[in-house]
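Listed below are the residues making up each chain.
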Amino acid sequence: MNKFSWYEATSKVEAQREANSTVSETIQPDADPEAAVFKASGIDLLDLMKEGLSKPAKLVSIRNIPGMDEVSYNKEKGLRLGANVTLAGITANPQIKKNYLALHQAASHAATPPIRNMATLAGNLVQRTHCWYFRSKELVCFRKGSSTCFAHVGENENHAIMSYGYCVSIHSSSLAIALTAFDAIVEITDKNGKIKLVPMKEFFVLPSVDRTRETILKPAELITAVILPEPKTHTVSYYIKMGSRRSQDWPMAEVAVVAGLSGEKCKTANVVLGAAAPVPFISKAAIDAITGKTINETTATAAGEAAMQIAVPLSKNGYKIPVFKTIIKRAILSLGKPPENVIDWALPDRIH
Amino acid sequence: MKKVKLPYGIPDYNLTEIVREIPNAEPPALPVNSKLKVIGKRVKRTDALAKVTGTAVFTADVYLPGMLYGKMFRADIPHARIKSIDVSAAKAHPGVFAIHIFKEMIEGANPKENNKKSGYPEVKYAGQPIVGVAAISMDIAEEAVNLIRVEYEPLEFVVDMDDARKPEAPLVYQTNVNQETSSGGEDIEEGLKSRGNVRGPATKSFYGGPRGNLKKGFAEADVIIERTYRTQVQTHCPLETHGVVVDYNRGNVTIYASTQSTKGTRNDFAKTFDLPKSKVRVISEFIGGGFGAKHTLGNFGVMAGHLSKQSGRPVKLMLDRKEEHVSAGNRPNSLQLMKVGAKKDGTLTALKLLSYGTAGVGLGSGVGNIAQAMYECPNFKMDQYDVFTNAGPGAAFRAPGNVQGAFALEQLIDELAERLDVDPLQLREKIDKSTIRKVQRERGTQLMNWKKPKKAGSDPGPVKKGIGVAQAHWPRFVNLDSTVEVRVMQDGAVEVRSAVQDIGTGTKTVLAQVVAEELGLKSADITVLIGDTLFPIGPPSGGSVVTGSITPPARNAAHKVKTKLIDLAAGELDTKAENIVVENSWFISKSDRSKKISFKNLAGKLRVEQITETASRSDDYGGFMIGTVGYEELGAVQFAEVSVDTETGFVKVDRIMAVHSCGRPINISQIESQINGGVIMGIAYALYEDRVMDKNTGHQMNPNLDQYKMPFSFEVPEIQIELIEEYGARSSTDATGIGEPANIATAAAVANAVYNAIGVRMTEIPITPARILAALGKI
Ligand SMILES: Cc1cc2nc3c(=O)[nH]c(=O)nc-3n(C[C@H](O)[C@H](O)[C@H](O)COP(=O)(O)OP(=O)(O)OC[C@H]3O[C@@H](n4cnc5c(N)ncnc54)[C@H](O)[C@@H]3O)c2cc1C
Ligand code: SF4
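Quick mapping for you: the protein sequence lines, in order, are chains A and B.
Heads up: the first sequence begins at 0 in numbering that gives the first Met the number 0, then just goes up one per residue.
Heads up: the second sequence begins at 0 in numbering that gives the first Met the number 0, then just goes up one per residue.
Extracted from the complex, chain B is given alone in its bound form (with noise of 0.2 Å):
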């Protein structure tokens, strides 16, 4: 171990360096941003070409000699026993390849009550896969699906939350079930029980279960506020859907795929199809889209396993949208009831959180941890209850669960303020004891002007402003299974491999700028390969892990790689390795200055072809963060102005400005991206996207992206970011993960600024013309 000095706090605020003992192995501290040159800076995406101009290959521009097409026959009524399947017509249908009919759904709570004369699984959702088909063209796929015919013993269902909350509720499943938490999801408590269709209460977290004594700090409190909240199912909508196309190759597996994690693919595949790891390769360049429901293989990943396998082609199998809404992940609902009490100075005293959510078959509903780690809060319990319904299994989406609770405690915490007559900010002044979020509200009281907000719903006129504030805290998770390598070789190349992939937000291009960085090189030198299983593993891209994860062995490799060259350059140099410094692609001996070797040039002396180094993300410096409740996790605070139409309930958001960190931030654009996405998306959660289930069909109505209703660019406010660097001396980078911090404030922020536009609280997203027209008594 060696101790370094590593910058530490805010610049501008309480910028510091810290004493850490780290590993031998790790490189030197790496100074502020203003001090370097890569790091930190705009740097243009690496793939920006490629993709506006179209030469980006996505998984659904895959196209193989000799490949199929894949379709999947989907159930068309959402709870059934399958009595028998005849797919005889489709098979002689002319052009069908393979055909092969599910034993085993892998999605969702993983239901094992197969029907036990016919064997197949129950039908639990409209849409649910039946059997899949491969053939020379998807439309003779599709024809080969309609010729598939399926006698059903319907069976009675339950879409609706509070309907199947009823005891007398049709039972989604007979048994307790479990489902493993995927990378990056909402928790999911092992070995709960269920109650009719209620599975719970969870009632802890990574932060720990409940504190303190919840009626002792309802006593001590002078004011108590309870509140019930409710939010929609929102779906992913990537604009890539789903999909892979399986080469199986008589178990030499190569696979294409649209996915969050190459690992998490091929480890599924592998162990589906009873493979060694060595055998499934997952190639994942390009990726449109995922916000957190493509880590799995997935139901559609095994059909076209089984399909290539069988007909000993490659088979392409991509989702269609409508597929992609009902069966291929979703943020689930909530109904959050919120118990605060208070003293009159604002501490609180106690905070009591209720929740049930349905994640259709599967699990995962919770409303997050944001209620037990965001303020301090001596007595606190939460029983948060997963409620089974017939639909589509929900999925990880970007920030699980906090989304949620960010909209219920945000409002809560707003009213409490109102009641004790704060200003919301000074209210979390003394409730918040999280340093990067004080500082995230002073700026942001800067750049708004902010003032105590006008009474609400105080306008004259028709159309009144308002004016919300909300925070976010995300825990900074890390992945240590994140290896890289880079490689030197004798004409100079530069090369980067890891196995991670790149789901847009720009993983390729910080990756290069670290290296870069290191190498004393420009981000362009260098070559970034990655999405391939070929290469060392990577991170899952969720739980907003990758940058914080994947950038430290980056750099870590590239110094090893470094330290060789600088070998070599003090043997051409004649003098010594110590005496050797890397600036602007020189290797320069300090002690003469006019000895100098260029990159280019040393590299050309290397002893082989080419040098590679490979390194492992290491332990957090000063210990990992995670477990404990502690307040320096990532925060971020959003203001909203809004204008709402009383007349006609329009509500439309004039500005956001977002105030965010996320570690050292290494490529400034591209944080502003996330956090442009995250707060479109907040919006769109706040006021448009719903799925809406019809309860007596048990079909989603709006399965498509023309009444599933999306932002458009008239829908997008004026953004305003300010980031602001902080450094908390825990890797070799120091950087963390900004995706999912983007999305969890907006909402409440908006429904926040609603409120004191329109005077009357809007406890239930999306807040639509109809929602405002009831909330106002108009209806």
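For reference, chain A alone in the conformation it holds in the complex (with noise of 0.2 Å):
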């Protein structure tokens, strides 16, 4: 790991005031030998320096930035979870649990207690993709600027299944997954701290669009918090992971369902996927397959295999569609009700 100083911020104006670039910045060829950026926990950013990936000069940390860690909740704008806010501390907090489900059931299964104590809220949505490719320092890959995809042609087992372009890669926010599901918005103080509200699904940018970056965040913009609107009567929602082990890993495929129930008709569906693109990504066939449907195993199967239709997987990860499929329909079909008799992540067996 390089040399770096530390900047201990006690405000955002001062923390926005040190930092000068963005992590995905200092991964780049062209990276700014003085480059300050943003420190919340520092598990994602010490990985890619521990790596070599990235090397910062200056690290400004945001950890202790007073009032960056609150929750509060307003019967009008919603839920605002601070920036700092842990996903330990989203997993804990009983008002995310009844409105929320999902959120709570996607921080709950992010890595590990250890981790879910440290990691940040914020930090968890700018983390960068966990394609192996672009976390080996021996490989120079498109993605850090040369013309080469490794994944493309490689072992691409844990990689993107659609709206991918020329990159492969999937994005590693389970998090972003539920709150895009409940069309959360982003806060973002930016430099001459002024807030502009960014809703979820705009928050990230596919590698066709810019390969460098995988959200919109400018140098020393920060994010302080994200809101999630209140809940109407009766929205119920549902997320579960697979991934290849039952703790400490990485999601093989995520889906998170939120809608609107008139009994057992749904009025109103959101079903996003994680680890399938390499952005939280929307599946628009899924939301038609149910809005305005009465939710049963049809109508969910149903939803499991239209979300597939638009699907090229790539040579080492055909597995991820009968996958996907399942547990888009189980999601569908635990709205409001958990399932029986499947081995499912998000109910273990053992409690954490």
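None of these hints come from the bench; they were simulated from the model.
Do not rely on the hints blindly, as some may be mistaken.
Said to hold, decoys possible - Restricting the straight-line Cα-Cα distance to at most 30 Å, the calculated cross-link-like pairs of lysine-lysine (DSSO-like) are:
{"#": "1", "chain 1": "B", "residue 1": "651", "chain 2": "A", "residue 2": "315"}
{"#": "2", "chain 1": "A", "residue 1": "336", "chain 2": "B", "residue 2": "192"}
{"#": "3", "chain 1": "B", "residue 1": "115", "chain 2": "A", "residue 2": "315"}
{"#": "4", "chain 1": "A", "residue 1": "143", "chain 2": "B", "residue 2": "321"}
{"#": "5", "chain 1": "B", "residue 1": "464", "chain 2": "A", "residue 2": "336"}
{"#": "6", "chain 1": "B", "residue 1": "563", "chain 2": "B", "residue 2": "2"}
{"#": "7", "chain 1": "A", "residue 1": "49", "chain 2": "B", "residue 2": "90"}
{"#": "8", "chain 1": "B", "residue 1": "102", "chain 2": "A", "residue 2": "336"}
{"#": "9", "chain 1": "A", "residue 1": "315", "chain 2": "B", "residue 2": "463"}
{"#": "10", "chain 1": "B", "residue 1": "453", "chain 2": "B", "residue 2": "432"}
{"#": "11", "chain 1": "A", "residue 1": "195", "chain 2": "A", "residue 2": "76"}
{"#": "12", "chain 1": "B", "residue 1": "651", "chain 2": "A", "residue 2": "96"}
{"#": "13", "chain 1": "B", "residue 1": "342", "chain 2": "A", "residue 2": "54"}
{"#": "14", "chain 1": "A", "residue 1": "136", "chain 2": "A", "residue 2": "195"}
{"#": "15", "chain 1": "B", "residue 1": "777", "chain 2": "A", "residue 2": "336"}
{"#": "16", "chain 1": "A", "residue 1": "49", "chain 2": "B", "residue 2": "50"}
{"#": "17", "chain 1": "A", "residue 1": "57", "chain 2": "B", "residue 2": "651"}
{"#": "18", "chain 1": "A", "residue 1": "136", "chain 2": "B", "residue 2": "2"}
{"#": "19", "chain 1": "B", "residue 1": "90", "chain 2": "B", "residue 2": "50"}
{"#": "20", "chain 1": "B", "residue 1": "342", "chain 2": "A", "residue 2": "136"}
{"#": "21", "chain 1": "B", "residue 1": "694", "chain 2": "A", "residue 2": "49"}
{"#": "22", "chain 1": "B", "residue 1": "777", "chain 2": "A", "residue 2": "315"}
{"#": "23", "chain 1": "A", "residue 1": "54", "chain 2": "A", "residue 2": "217"}
{"#": "24", "chain 1": "A", "residue 1": "136", "chain 2": "A", "residue 2": "57"}
{"#": "25", "chain 1": "A", "residue 1": "315", "chain 2": "B", "residue 2": "321"}
{"#": "26", "chain 1": "A", "residue 1": "190", "chain 2": "A", "residue 2": "54"}
{"#": "27", "chain 1": "B", "residue 1": "90", "chain 2": "A", "residue 2": "54"}
{"#": "28", "chain 1": "B", "residue 1": "451", "chain 2": "B", "residue 2": "343"}
{"#": "29", "chain 1": "A", "residue 1": "11", "chain 2": "A", "residue 2": "193"}
{"#": "30", "chain 1": "B", "residue 1": "214", "chain 2": "B", "residue 2": "342"}
{"#": "31", "chain 1": "B", "residue 1": "40", "chain 2": "B", "residue 2": "437"}
{"#": "32", "chain 1": "A", "residue 1": "136", "chain 2": "B", "residue 2": "594"}
{"#": "33", "chain 1": "A", "residue 1": "2", "chain 2": "B", "residue 2": "270"}
Since this is a predicted model, take the numbers as computed values, not measurements.
Hints in hand, dock the two standalone chains.
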């Protein structure tokens, strides 16, 4: 790891004055040798630095800025989660569990308890892809400035099955899947202290648009909160993650479903897939398959099938299609009630 | 020689006594465990407190005054000739004290194909070390490494075993190569020729070569099954990576090493640096795991030696996690083609095994002797080939070969049972001549409430349950180079000394128990000092030899000390030595029990500060077993219950029943720890672990513990252990090892259970969701 200096910011203004770059910029060949970047808990940032991918000259710690980890609720504005709220904090919040179950489930199934105790909401959204070529120091891939995507012709079992261009990476944030499904809004404070409210679905950037970054964030722009709109009555949600192990693992497929029900009938729906595409993927086909319909085995199955119509798997990730079909179906059928007789990541038989 | 009666057989089954002729110096027969006070009990580890409170000093924790930090520059391409190496900037970097460039590699098959012009070893895998740097801090060492410039002439490479077998594949070695077998490692037959990257076949093991006539055997068969199995490369992932601290000290060398063999490390170092063994001391008090990969000094140890010699300062060189994955050993993969012939009644008529495996740039990728030795079959032949690839060298790994071999053999036998429409345990009853496994099957059948498995794949619904069983075989190896010294001091303190290291299995504790039992003391009364070559040399922690090799000399040395103390007591109590018994730390006159003296008081009467006795491992009573196929080796039977979600391909192991034996058990808790660990490792092998190599770049894609998937607590099922005492009258303690047998059967048992659940055979591991879904035709 390179040597760096440390700035312990005590206010947002101070932090924004000190920062001049983004972590994504530091990974590029033309990185500024004087780059100063935000560090929340540093889980992802340190991983990138240890591997020698990111070499910032200065870390601006925003972890201890007063107020940035506050949770507040307002009937009109909804639930406002400060950027520094931890995954454990989200998991433990009874209001989130009650009103935004899918977010609770996404947070409580990410990583491990020690990581969740540290990991922040904003850091989770801004973490970089875990494409293992991207994460290797020795391999300079397309996203890091060369003209080669190694995954395309290589070990792509963890990669995208839809919505990719030349880069077939998947986005790493599980929280983003649930937050997108809830139509959450990212509150960004720009360099001049002005607040921008960006819908979750506009926050992420496809590599075909800009391969050097995964979010719209510009240097020194600070996420200050994520806002979840007040849930409408009869809104229910469910999230399922499928990984190769039951703990400490990344999803091979994950889905968040949010629906407005009227009896058995689905009035409104949102279905968002993770580990499917370079950004959280809103499955219009799945949404259409259940909206206006009665929720049952047939419609739920149809939604899974419809969602996978547009999938174009790579050489080694065709397995994701049946997995997605299954978890989409199960998540829809679980809305409001837990499924039985399935090995469900969201319902481990031992509680953590 | 004298004749003694020793316990023989299995309690509650066929326990009896056997008369053996043994040397006069051997102690009297040890009765069965139920009659003992310390041996065979759940004695707490002597170092438990030190480990849980963090005061145990591992090599990674050693800091010496003036110590430097070593770091190596490693090749970032898989195959190349080195044209030039420029270390000038690194040398000039402030804080750098020494730089050494390798002239020769010692790991793997020992390539001597140096580039004639530059004189540097050819780079044969990505991650091969080239230069080492020692600096005053780790940061500075890393910075200096980044300043090193190496100019390569890249060569074509191959990392995939199937590709490497093709005639047009780039050659890893231009010549035939050999490699010494590491202690506890898979057999390496010497002098075999290579064709392309394929070396072999090896056709022999220490059980001998082919038997009978295959053609005839298959002609006699009513049923023939032929299958292909594949296993993956597994890396060892010890929690403490490989590493040393070398203090060269002008030739009076002290090495702190995370090693499975203090002796091996010392001897390697003495040889490499041309020093007498007496000038090299290796200390290894605590080891954070090794699993077979830590038997030798290693390139990193050689490098640390050069750097320390050059700088005149101690040098610490610990591998990081990535270096550990790519360069510090692995269990080779395998492709096994097996063919079995059997009569309708199950009698095996022929068994044929053809295997390929790659240990990267190393040898030793055979699939062991399990197919040769587990079942009775008159006609047998195996051909085992090593395939070279441009990847880090393999190393011995917990039951080398047999874990791969069991995965194939035990599925094949399971399939044969199904074909013959018999219970798989019934078939084994017919073809397995081992008594211990017979008893293990009986116990397992009761505990599992085992019935003939239901029709495979017959559960309704998406989640299907399955049950499976598999067996293990492991030879009873003994290492005669096992010596122990026992001391008693005037204050009554007792010390046990040996260079044997405790890899984490609890060697210290079993030594304390055996000596305590012999001296009539408690294990807490015994101080065990081991892991230091200043003490008498002990065996390497490999081949599951340690307990069976080191406890007999420990008991014998203690017995010699006891004999001296009895003589002393006889004088003190004014009676004859024959009239003295030792009970609960008292020396008592049998004829007049009021005449007695405590151990402590007796020690106070010693004429000198301490008495010392040494003993080495004697030959096995009744002759060694190794060399011929004997069915009384170490056996195990493991049962697995699994659930398979056929819609997602997710496999969950619900329960493992592990029925084991290891001769006379010395410490039940520690044996259970080993079995738990072996089972968990077996589950990991069956379902998760897999070294992923990228064919196009030659790099490992998952050299970390994030993407290289180890099991965590959620992945660990209920593990039930049934331990069977078994007396073989083979030594003064009659103990044998358990580390390796614990890890052999699990993957096959899980695979058989998965078959029973879904009705499709998973012939390749790890059994990932992707493989299950593919097998079910869902992709
Ligand atoms: C073993 C393991 C398993 C994991 N599994 C999962 C999983 O299943 N699902 C999942 O979603 N995640 C998973 N994670 C990822 C983990 O949740 C993230 O690494 C963590 O949330 C990052 O948070 P942080 O506070 O440490 O971020 P940092 O590392 O401090 O920062 C990450 C990035 O965010 C930027 N940043 C941080 N805060 C702000 C802000 N307020 N404004 C602007 N930019 C900001 C930083 O500059 C940096 O670029 C896993 C991680 C590990 C190690
Ligand atoms: S998928 Fe994207 S991040 Fe991964 S190697 Fe290809 S270009 Fe790089």
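30 Å Cα cutoff - pair residue 336 (chain A), residue 192 (chain B)
Violated: residue 336 (chain A) and residue 192 (chain B) sit about 65 Å apart, past 30 Å.
Holds or violated: residue 40 (chain B) to residue 437 (chain B), with C-alpha atoms at most 30 Å apart
holds, 25 Å
30 Å Cα cutoff - pair residue 651 (chain B), residue 315 (chain A):
holds, 23 Å
Residue 49 (chain A) and residue 90 (chain B): Cα distance at most 30 Å?
holds, 24 Å
Residue 315 (chain A) and residue 463 (chain B) were given as a pair; does the straight-line alpha-carbon distance stay at or below 30 Å?
holds, 25 Å
Are residue 143 (chain A) and residue 321 (chain B) close enough, with their CA atoms no more than 30 Å apart?
Answer holds: residue 143 (chain A) to residue 321 (chain B) is near 21 Å, not above 30 Å.
Taken at face value, is the distance from the CA of residue 54 (chain A) to the CA of residue 342 (chain B) at most 30 Å?
Violated: residue 342 (chain B) and residue 54 (chain A) sit about 68 Å apart, past 30 Å.
Taking 30 Å as the top limit, are the C-alpha atoms of residue 453 (chain B) and residue 432 (chain B) close enough?
holds, 27 Å
Residue 651 (chain B) paired with residue 96 (chain A) [C-alpha distance capped at 30 Å]
holds, 27 Å
Are the Cα positions of residue 777 (chain B) and residue 336 (chain A) separated by 30 Å at most?
holds, 27 Å
Check the hint pairing residue 11 (chain A) with residue 193 (chain A) against an upper bound of 30 Å on the C-alpha distance.
holds, 12 Å
Given pair status - residue 50 (chain B), residue 49 (chain A), alpha carbons within 30 Å
holds, 28 Å
When held up to the earlier numbered hints, the structure conflicts with 2, 3, 8, 13, 14, 17, 18, 19, 20, 32, 33 and fits the remainder.
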